[in-house]
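Q: Going down the list, the sequences are from chains A and B.
Residues in the first sequence are numbered consecutively from 14, following the working numbering.
Residues in the second sequence are numbered consecutively from 1169, following the working numbering.
Bear in mind the hints are in silico, worked out from the structure with no lab data behind them.
If you're wondering where the values come from, they're calculated on a predicted model, not measured in any experiment.
Cβ coordinates follow ideal geometry from the N, Cα and C atoms, glycine included.
Hints are supplied without guarantee of correctness; some may be wrong.
Chain A is faced by these chain B residues, among others (derived, beta-carbon under 8 Å) [to be verified]:
no., residue
1, 1177
2, 1197
3, 1255
4, 1270
5, 1274
6, 1288
7, 1289
8, 1299
Chain residues, written in single-letter form:
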Amino acid sequence: MLGIPFALMASVGWGISAILVRLGLRNMSVVRGTLISLVTSLMFTAAVTLIIDAAAFSRLSPAIVAWFALAGIINFALGRQFNYQAINRIGAARASPVFSTSPLFAIALAIILLGETINVMVALGALSVLVGLWLVTTSR
Amino acid sequence: MDKHLSIGYIFAIAAALAYAINSIVIKKGLSSFGSPLAGATIAMSFGLMALSILSVRASELRAPNSKRGALFLGIAGISAAIGVSANYIALSLAPVVVIAPITSMTPMITILGAHLFLRGTERITSRLVVGSALVVLGVIIITLGRHML
Chain A
14 MLGIPFALMA SVGWGISAIL VRLGLRNMSV VRGTLISLVT SLMFTAAVTL
64 IIDAAAFSRL SPAIVAWFAL AGIINFALGR QFNYQAINRI GAARASPVFS
114 TSPLFAIALA IILLGETINV MVALGALSVL VGLWLVTTSR
Chain B
1169 MDKHLSIGYI FAIAAALAYA INSIVIKKGL SSFGSPLAGA TIAMSFGLMA
1219 LSILSVRASE LRAPNSKRGA LFLGIAGISA AIGVSANYIA LSLAPVVVIA
1269 PITSMTPMIT ILGAHLFLRG TERITSRLVV GSALVVLGVI IITLGRHML
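Generate coordinates for the entire structure from the input sequences, incorporating the hints supplied.
A: Written out as structure tokens, the structure is:
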């Protein structure tokens, strides 16, 4: 499975990033720190896209750009800034498992907005996430 | 719980909620456009523009700055982008039920990194490790439950 090494690379990349954010924010405001990290993220991602899939930009329409613009504001201007605020206050080790609970919110949104139903497995997973979250937030 | 910590957890939950909303919005964008990497590039450009507006506030201009901090955050940005790019490439090569359980391991890698590099700053307790492991396990079960059943 060729995808597995890339999945491991993704996981390690995100993990290392959280540690570096904690170290970097010791003498830096969160908004400025988020801005710096977003500049380098954009440069790297744009370079990878131009190497792998430059032709994709020619297929863009105004509607597609609008969806990605909204995603960018939610994920990077807000999500990443909240992420860094959390790391700065509670630390990378405690913040990281809380960020990982996003699938739980995705399910709640899918139930509320899309009328999706959940099965026993999803309910068990949600229970495990909630118990884990309780242990993380009450650890000293 | 200490107010500083409580606000920190509220920010962490707000980030998780933002990522969940983003996963729905990004699906809309990708439904008629097949390049997640190009999508991420455009999303980051707009995110950067929005954040730049926030950063010109007077309080931000007076905020502390350091070359060392900027270096760490610059590398953190590249490291996060490697994560995003590698995740999209992984998902293009293997099904989500194979990839998501691996990428869900991120909290355990962060805890290991904190144990190795943030010894004086962060305390790693057995309660934190068990709690994080349960979160990871739960996320894996949710992913499998949503995509396999």
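Q: Against this structure, judge whether each hint is valid.
A: Evaluation of the provided hints:
1. 1177: 6 Å, holds
2. 1197: At about 3 Å, which falls below the 8 Å cut-off, the nearest Cβ of chain A leaves the hint on residue 1197 of chain B intact, so it holds.
3. 1255: 4 Å, holds
4. 1270: 4 Å, holds
5. 1274: 5 Å, holds
6. 1288: 11 Å, violated
7. 1289: It holds, given that the least Cβ distance between residue 1289 of chain B and chain A is near 7 Å, below 8 Å.
8. 1299: 3 Å, holds
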